[in-house]
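J.: With chain A held as given, fit chains B and C onto it using these hints.
Protein chains in written order, with the working numbering: chain A, 1 to 475; chain B, 1 to 475; chain C, 1 to 475.
One or more of the hints may lead you astray.
Pairs involving identical chains hold if they fit within one copy or between any two copies, as the list cannot separate such chains.
Claimed, not checked - Dumping the calculated DSSO-like pairs for lysine-lysine here, alpha-carbon to alpha-carbon at most 27 Å: (1) Lys427 <-> Lys304; (2) Lys109 <-> Lys304; (3) Lys427 <-> Lys305.
Keep in mind that the hints were calculated from the coordinates and are not lab data. Quick caveat, the model's predicted, so the values are computed rather than measured.
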Amino acid sequence: MKITKYATIAASSFVLLLLLTTMAMAGDPNGSATYTDDVAGLKIATNFAWTLVAAFLVFFMQAGFALLGAGALRVKNTVNYFTKSYMDFSIGALAYWAVGFALMFGGSKLFAGLEEGNSIIGWSGWFLTGDAYDVSTMMFWMFQVVFAATAATIVAGACAERLKLQTYLIYSGIVTAIIYSIYGHWVWGGGWLSTLPYGVGARDFAGSGVVHAIGGLVSLAAIMLLGPRIGKFNKDGTPNAIPGHDVGYIVLGTFVLFFGWFGFNPGSTLAATDLRISVIAVNTFLAGSAGAVLVCYWTFLKTKKVDIALTCNGALAGLVGVTAPCAYIPTWAAVVIGLVSGLIVMYGIRFNEWVLKVDDPVGAVAVHGYNGLWGLLAVGIFADGTYGGVSGLIVGNTGQMMAQIIDAATVAVWAFGTGYILFALLKHTVGLRASREEELAGMDISEHGYSAYPEFITQETGEGPAVKSSESVRT
Amino acid sequence: MKITKYATIAASSFVLLLLLTTMAMAGDPNGSATYTDDVAGLKIATNFAWTLVAAFLVFFMQAGFALLGAGALRVKNTVNYFTKSYMDFSIGALAYWAVGFALMFGGSKLFAGLEEGNSIIGWSGWFLTGDAYDVSTMMFWMFQVVFAATAATIVAGACAERLKLQTYLIYSGIVTAIIYSIYGHWVWGGGWLSTLPYGVGARDFAGSGVVHAIGGLVSLAAIMLLGPRIGKFNKDGTPNAIPGHDVGYIVLGTFVLFFGWFGFNPGSTLAATDLRISVIAVNTFLAGSAGAVLVCYWTFLKTKKVDIALTCNGALAGLVGVTAPCAYIPTWAAVVIGLVSGLIVMYGIRFNEWVLKVDDPVGAVAVHGYNGLWGLLAVGIFADGTYGGVSGLIVGNTGQMMAQIIDAATVAVWAFGTGYILFALLKHTVGLRASREEELAGMDISEHGYSAYPEFITQETGEGPAVKSSESVRT
Amino acid sequence: MKITKYATIAASSFVLLLLLTTMAMAGDPNGSATYTDDVAGLKIATNFAWTLVAAFLVFFMQAGFALLGAGALRVKNTVNYFTKSYMDFSIGALAYWAVGFALMFGGSKLFAGLEEGNSIIGWSGWFLTGDAYDVSTMMFWMFQVVFAATAATIVAGACAERLKLQTYLIYSGIVTAIIYSIYGHWVWGGGWLSTLPYGVGARDFAGSGVVHAIGGLVSLAAIMLLGPRIGKFNKDGTPNAIPGHDVGYIVLGTFVLFFGWFGFNPGSTLAATDLRISVIAVNTFLAGSAGAVLVCYWTFLKTKKVDIALTCNGALAGLVGVTAPCAYIPTWAAVVIGLVSGLIVMYGIRFNEWVLKVDDPVGAVAVHGYNGLWGLLAVGIFADGTYGGVSGLIVGNTGQMMAQIIDAATVAVWAFGTGYILFALLKHTVGLRASREEELAGMDISEHGYSAYPEFITQETGEGPAVKSSESVRT
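Bound-form chain A, shown alone (with noise of 0.2 Å):
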């Protein structure tokens, strides 16, 4: 049987070696026909440098992810949830590598190789070979990956403590190769929602629908078909606070995604040159801080105490929020669509658990699903017309709005929908949750065979938790 294992591997390299060899040598693999000794070249190589160091950072968001995931969970899942939040983008690189960057931007011309496509699919690119292998579209590919991975990693966070670690990872090469990637393709990659006859067309700047809303919905569909953790809900129906093991993580994480986020956000000119980049960058910072303010005070005008894991949760939505408007508005709205974002967030989640009664260990559905639809909404709203053409009500434009709610609409029926659908069928086949000794165990057990702090004396706190974290905002 090894031997046969070793055979099939040997054969499939060399297969693959054969075929792609051939095909390999096109487009600009090393420069020399894109760079030149002048104005033209130098702009755009700073522009790849801008651009790369940008995608670094939104690498490293993965980190955050991780971190903020982990610190919201009980000790006994902890090994499982950083183990998901390690492998989605490690399998979501390969299947965006193969497949969902050639979904999304075939057909968009914006780079060589992305020829072929049309405004609902596309179907060039894929394996970065032929024309693809071209420094421009290896750049453009980088800083798209990292975005691919965002989006994929923050269903873990919603799933977790009970999802299945394969389905969890079948999900995430699925979600990356495809349902993110078709309707990014509607909205960066040249497709139909980009080219709406209303204002300029819809616009994300730097992907509040395209990643955000898409992961958050798509959670939001997944916790419903997944059901809610043993423990979560009382009898009549009430939810309770089941604390995370980690607040420094908590906090640490946010910390993370927010230094992430301004390669989020700015890197997504793909230029250096256009010098909005600065605007996009305080309006990052302003949204971000405004949330955690408002969050922060609410809950500490209602209870006399402050619950920094939600305003932590503040912060992100706030960053969310300002995504997709971030170049298009002023100063003061990138404050005032924070300061919204705090109370969609704090109220999100307090809907998700009293109204739908679904369990969201982290928040994700609230932060990134409510506030990916609310940052969408926003640049129909604050849009200034000083950038890209884009103007929303505030300076008396309606058509840009009228675009921005149907890419809201579309973006909650697909992600909603699909992950409907893709948790439906990963359920009826290799189903979604682990069993009910093992999610009391905990998942660390079962699926890894230990646990993440072994030396260290720990207490259950699952089914009746002594400590009531958010609880404010919940009942």
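T.: What follows is chains B and C alone, placed relative to chain A:
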């Protein structure tokens, strides 16, 4: 009552909206007048990219401060410290946007919208509206706001484990908006210290004084008024070491701060076309390394043990010390400065505990305050005349030293004085200290309602510490 | 005695001052002769910015190594490991400034002040004084020193939990100043390996050999002389798994390392105007992802569990493997290299434990040593001729492979040989191992006097581990 609240928010939002929209259009909000497709334009874009990336690195230092402080404190105050550490920059961002930046750079005429002000105080650029809605002004604001946030957060550590959260949050807004910004105006905003008739005027390249001495000496005033933690001093006045709860966090925080310092110092050129950035980076690295090496071996030679927590403070001390002179000195001077910084932090901590009898849980006063002053003086000693026309004692120039002494004296008086007044006012209004019961139980429960690590079983190490950290240099 | 100490310091400082001041002025210390306001000047500035930012990212890898190692070790040695991990770069920076850089790049004539040296060794650029006080030389030093620090720190993990701290600190200075730098001269400093008469001479783009094989194979020599930890091997010679104390730190450390690798590999162009940087970044991402995916599923298929700690080593193995070839290969080759790296790390660890019977707590020998060699060979296999004139077997060229084999053999002999000599010397002078009592109690108490987590209650998991990590691939 709820209705009132919503109404207030809606109304104020609306007024703000009207007010600011009308003011919004001015400066060069999208860069079309600033950027041109030629050498001049590219130079601007390159320098935007450099400055913004540096700003992002400096932002990330917030995570370093959070880790460093949390690690040096006890479990029972972890949530509280992380909250202070997170919220100060959020509040600070809004305060600096509204007020601080205008006080600090109004009248500097450095960028659009900063025309009004004199050598004592500035008064233009409020809310980044009007002419300040400009890509260059925004770029500059982004870099400056993260420095303001750094100064503010230094105090959190010094006052930790007993200062009330709400008092801290009020303080952090005021120091960012006013205390930091006014002194900053004198040095960086074209104010009177920068134009002293000695040498080329006072020079503080990246803020040994503006950021670190302000933070460190406000801290000193604060902890004098606040008093020591219960158990810090014995009846005979001798201090006890109170060990922190996570040495890994201390080291990790130091790594993050060091990393961010590469934005802090080299970024302060605001220009990659100023190739001195490489010398600055090297000096930063060497001074930080020398500070750590000195403390590591000094304590080892005396005690046969290595105190890594104190060694990390040595590294930070070296970084603080080189922050003002980093651009003006040769590499060997950076090493000497770092070694001296290491001595200053060790004996500074000892002085604080044994002579002043104040309680600074993280050593902030010695690291940032005393070494901030040392950094200012080091400019006057080691500047070798190769950059910015700044020449110190080693090349036979005494005038610069005079300017630096005046600057150091000024910041000492200003920071300690205004800090004392501010905390005295807070003491007699909202109050400074948590109650004795709250302090003994830890501030996580009283101010947040939950603890950082609810599942881990811990023991109290507060009043009678079994393990004495850093005993070496204190006794 | 105290007076003597102070006097010594003062005197030596003074001598140093005199000595170096006189040597200080030369090269272009402020860039006025290097930068010009035209395309040529801007190109230099852009490339300075790129290289420095990359250097900062590589610096941050130190935090990754610290986390990764600490997580894989037991609580009782956490302070000790963090200390080694922190101090090695501090000492290394000073050693590389004084000596290493001159040995490595003297004679390369790459930048000012590096004129003297031959193909075996360099001898100019000491202390960055004289002509080396130059913005370009400094830029280059900043990038190189963080690579030197990376090589040194690899050994800390392999020797953890039993190597004496002071011995480690001596080692780290020597390896950085001499062992690393001399071999580095041969490959990157214009030495004999880079000019071998096969292919274009040996090529190691970002240091699979120079950094990783050096670190990994010095580690192998060290652990052979050092012996295994108490309890690692049973009487019949079979190994036990000794689980680390924090799986989250392992994952987080891997994220940080991966993030830093985006400086390590793409930064090694020293130029953003070399647009190949995008291909390098993509190859880096894909190889790291492929390594993780292979290990994740390989172990899952065999054991039905996922070993995330081992999977992280798979990611790092892929990154090490692609470090030499990253600039020369198409993307599919990066995937193949990463997959092979995953196999090498799994079976390399097994080989070390079952055949060599050495104890490497973090797998450093397999990750960095064996995969470093693999990376060198991969250049000879997969280079496709699109960059730097490097063509490997896949395009029908055998000459390059010959150069790579010679390089790999050389580094294996050099690193293992000099490492063996160095540690043998240390063994017979200062001694290598902590005493049995110190090792059993943990080195935190004996060498530092305090533990990392004094408030948390822990249990000993040392000799008879209840949970066996990574058992899957070892048995």
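J.: When no copy is named, should Lys427 and Lys304 be tagged within, between, both, or neither for a Cα gap of at most 27 Å?
T.: between (43 Å within a copy, 20 Å between copies)
J.: Are the CA atoms of Lys427 and Lys305 at most 27 Å apart within a copy, between copies, both, or neither?
T.: Cα proximity of Lys427 and Lys305: across copies only (20 Å, versus 41 Å in one copy).
J.: When Cα atoms must be at most 27 Å apart, do Lys109 and Lys304 count as within-copy, between-copy, both, or neither?
T.: Classified as neither: same-chain Cα gap 56 Å, cross-chain 44 Å, threshold 27 Å.
In summary, the structure is inconsistent with hint 2 from the numbered list given earlier, while agreeing with all the others.
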